[in-house]
Amino acid sequence: MNRKTMYAKMVFYSMLRRRSRLALALTAVIIGATVVLGMGAVYFDIPRQMGREFRSYGANLVLVPSGDNAVLSPGELRQAEELLPKDKLVGMAPLRYETLYYNKQGLTAVGVDMDAARKTGPYRQVHGTWPAADNQVLVGTDIAENARLYAGTSIVLEAVPPRGRRIKKEFTVSGILRTGGPEDAFVLMPARALEALLGSPGRADAVEVSLAAESGEITRLAEQIRKEVPGIAPRPVKRIMHSEATVLNKLQVLVCLVTAVVLLLTMVCVGTGMMTVVMERRKEIGLKKALGAENRSIIGEFAGEGAVLACAGALLGSCTGYVFAQVVSMSVFGREVSLPVFLVGLTLCASLLVTLAASFFPVSRAAEVEPATALRGE
Amino acid sequence: MFLRMIGRAVTRRKRKFLMTAGTVALGISLATAMLNVMLDVGDKVNQALRTYGANITVESRGASLLGDLYGIGEGEGVADKFLREAELPKMKTIFWAFNIVDFTPYLDVRAEAEGIGGVTLLGTWFARRLDIPTGESAHAGVINLKSWWDVQGPWLDDDDADGVMVGGLLADRHKLRIGDRIRVAVEDRTGEKRGAELTVRSLFHSGDKEDEVLLAPLAVVQRLSGLEGKVRRVEVSALTTPENDLAKRAAQNPNSLSRHEWEIWYCTAYASAIAFQIEEVLTESRAKPVLQVAASEGTILQKTSLLMLLLTVLSLACSALAVAGLVTANVMERSTEIGLLKALGAGDGEIVLLVLAETLTAALVGGVVGYVAGLGLAQVIGQSVFGAAVSAKGLVVPLVALLVLAVTTGGSLPACRMLLRLKPAEVLHGR
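Same order as they appear, the protein sequences are chains A and B.
End of the first sequence = 378 in the working numbering, gap-free, step of one.
End of the second sequence = 809 in the working numbering, gap-free, step of one.
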């Protein structure tokens with residue numbers, strides 16, 4: 001039997017015999033690994049997930065015509081859209097403002113693609129349903145209150161083109177819009193309906209863009225659009241970016257602190273657990289020394305046990321940690337967590353380091369003991 | 379005798395006792411800190427979100443109707459509908475006064491500026507000290523409300539009679555710099571023109587429509603336009619509770635609520651309830667919660683609280699398991715002693731009682747130390763993350779006590795079962 005198989009055998013049997021103690025130490029390592037991996041995954045995922053949640057605020061970049069350009073043409077919009085990263089674009093809604101008349105009184109009508117408007121403005125509350133067809137419109141709550149309109153009634157809107165005669169068309173009110181902002185006094189209608197009514201081709205006065213990106217990236221994209229599309233002036237919405245950054249930053253620091261504290265606790269537990277396991281085996285160490293074992297081989301044997309324990313714990317802990325992160329992510333954000341691969345390596349390293357460090361000190365102390373005293377049991 | 383045994387166990391086996399107590403203390407300090415932070419995180423994040431800006435706007439009832447419905451922004455019928463500046467401090471006397479973090483009034487007038495043409499001259503408070511009818515004082519103004527504005531130069535002072543701040547876009551277009559002097563003329567309601575020469579004290583970028591205006595102290599604008607004591611619009615920033623069904627129903631029609639529901643709604647810090655209370659104290663006013671801000675704040679708050687709750691529960695579970703494991707290890711070490719007790723004729727019940735009592739004493743000491751340490755830890759977290767103290771919640775004490783009890787008994791019982799299975803002879807022989 002050579003040295004290596006003997007070594008493996010000693011490690012294996014010593015672990016097998018002390019199942020209950022080992023189970024305790026293993027649990028501690030698993031818990032530690034779970035915390036590192038689970039909290040780590042949550043920590044790295046928070047900006048992405050919370051960034052999506054912040055999009056409930058609506059647009060964080062507004063494109064308006066620049067300089068002499070009075071309106072944005074579809075060509076310019078397409079050019080700008082190509083510059084925006086597809087995976088981070090939550091929604092992009094071109095808005096067209098026109099004055100229409102209802103009972104001879106002017107009101108502002110906004111032509112917009114309804115699906116896009118829902119994406120860029122999740123805060124818009126609609127009492128009723130969103131327009132599904134081109135003959136349906138949303139009416140702001142202030143107009144609805146004064147004109148006694150409600151979902152299901154019809155409204156006749158009148159357009160006055162610069163040349164030619166007035167055009168009248170009847171629409172159905174599909175819902176009442178409430179935002180608390182200026183849109184409460186507007187009529188929101190499908191862009192195509194507004195185009196048909198006015199008889200002029202599609203154009204936009206402003207474009208709401210909702211991007212799931214950090215403030216630095218938005219500023220960079222805005223600069224790029226300004227340079228490459230001459231007719232467009234991009235305006236990042238500062239207050240949103242600012243508070244998004246503050247809140248995200250605070251959350252991350254908080255999670256980081258919590259992780260550190262929990263980790264410290266589990267480290268102490270793993271450490272003390274390993275220490276008691278080693279101290280109990282002082283007799284065994286004494287016997288081995290009496291039989292002629294060197295300090296190095298004794299330390300080596302314990303290190304082997306610790307390493308096996310750490311690897312097993314880290315592996316199992318990674319699985320439970322992933323489940324942990326998934327549970328948090330699914331129940332808070334309703335989306336799957338993305339796991340950076342390097343976290344698994346980090347977990348493994350951390351478990352190895354803690355376990356080995358925790359067993360090294362008591363072992364080296366025990367190895368200093370005189371065999372005779374240890375064997376006598378003092 | 380029982381008490382004496384426990385007392386002796388504590389004094390003789392100091393190291394072991396301290397170890398159990400220390401472990402529990404560590405776990406409990408974490409639990410205390412986490413629970414305190416978790417219970418406070420809603421308020422703290424709400425504070426951080428205040429940088430979103432105003433979540434309620436107040437206008438005069440008449441003006442808001444005309445402006446909203448007919449797209450008329452100026453002229454007759456609008457220009458003479460105002461809120462009264464003198465009434466504004468009353469907002470700090472409503473039921474949810476402490477939730478109103480800041481507010482600022484605005485008065486905008488059209489002005490002719492030499493070399494620039496027509497511009498909007500916007501008057502506001504910068505950092506005004508208010509004497510509230512209740513005898514207290516508070517600060518309100520645009521400096522706190524618009525913390526995200528990027529200002530080059532100093533903010534104005536409310537008493538500055540000839541200073542003005544210039545919006546970034548306007549300044550770029552007309553090449554205005556700090557120190558330049560602008561002559562402005564405002565036509566008041568009688569058609570008489572009043573002029574003044576203002577000095578550009580600073581430039582600001584708001585990323586919003588204010589980038590196109592001249593910003594001056596409210597008193598200056600009121601004097602120029604002859605609208606003394608009047609304001610057009612007030613922006614209010616309030617800490618609010620996320621909206622639920624009740625709040626939505628109330629916002630649509632407060633009269634649809636039953637008396638009981640109405641009381642709940644009125645006494646909860648919903649944006650709509652605060653807006654309603656503001657309407658009660660300001661004559662002829664109309665306060666509207668800005669849903670864009672209020673609704674998304676609600677979402678973020680809910681997500682953050684839920685996230686913290688889950689993290690707290692899961693990390694508590696982890697630390698409870700770890701501590702319980704350690705308690706088990708500590709109890710199992712005492713096999714020789716238990717073997718001797720058994721050999722001397724101790725019954726199972728007595729042994730379990732003894733072990734439990736000893737561990738619980740240790741855990742109790744550890745729990746108290748841990749609670750105190752945890753309060754300190756919560757402060758450290760509060761200061762380093764939010765820059766504000768975390769208030770100690772009374773609810774945490776029973777929760778922590780329960781946790782101590784559960785962790786120690788949970789940790790010692792499996793060990794006790796193992797101890798009971800020991801054979802006295804084997805243990806005493808030293809196997």
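By construction, these hints were calculated from the structure, which means they are not laboratory data.
Hints may be right or wrong, so weigh each one.
In silico DSSO-like cross-links for lysine-lysine, where the CA-CA straight-line distance does not exceed 30 Å [said to hold, decoys possible]:
(1) A:K250 - B:K587
(2) B:K801 - A:K283
(3) A:K250 - B:K801
(4) B:K771 - A:K250
Covered by chain A, according to a simulated footprint, are these stretches of chain B (three or more residues, beta-carbon under 8 Å) [to be verified]:
(5) 460-474
(6) 478-487
(7) 529-543
(8) 548-558
(9) 695-701
(10) 731-744
Example chain B residues on the side facing chain A (calculated, C-beta under 10 Å, incomplete) [unchecked claim]:
(11) T401
(12) K571
(13) L689
A virtual CB, placed ideally from N, CA and C, is assigned to each residue, including glycine.
Hints versus structure:
1. A:K250 - B:K587: Satisfied, since the Cα-Cα distance of roughly 29 Å is no more than 30 Å.
2. B:K801 - A:K283: holds (21 Å)
3. A:K250 - B:K801: Violated - the C-alpha atoms of K801 of chain B and K250 of chain A are around 56 Å apart, more than 30 Å.
4. B:K771 - A:K250: It holds: about 21 Å lies between the C-alpha atoms, which stays within 30 Å.
5. 460-474: Coverage by chain A is violated for the stretch 460-474 of chain B (0 residues, Cβ < 8 Å).
6. 478-487: violated (count 0)
7. 529-543: With 0 residues in contact (Cβ-Cβ under 8 Å with chain A), the coverage given for the stretch 529-543 of chain B is violated.
8. 548-558: violated (count 0)
9. 695-701: Holds, because 5 residues of the stretch 695-701 of chain B bring their Cβ atoms closer than 8 Å to Cβ atoms of chain A.
10. 731-744: n = 0 at 8 Å, threshold three: violated.
11. T401: holds (7 Å)
12. K571: violated (30 Å)
13. L689: holds (6 Å)
Consistency note: the structure conflicts with the earlier hints numbered 3, 5, 6, 7, 8, 10, 12.
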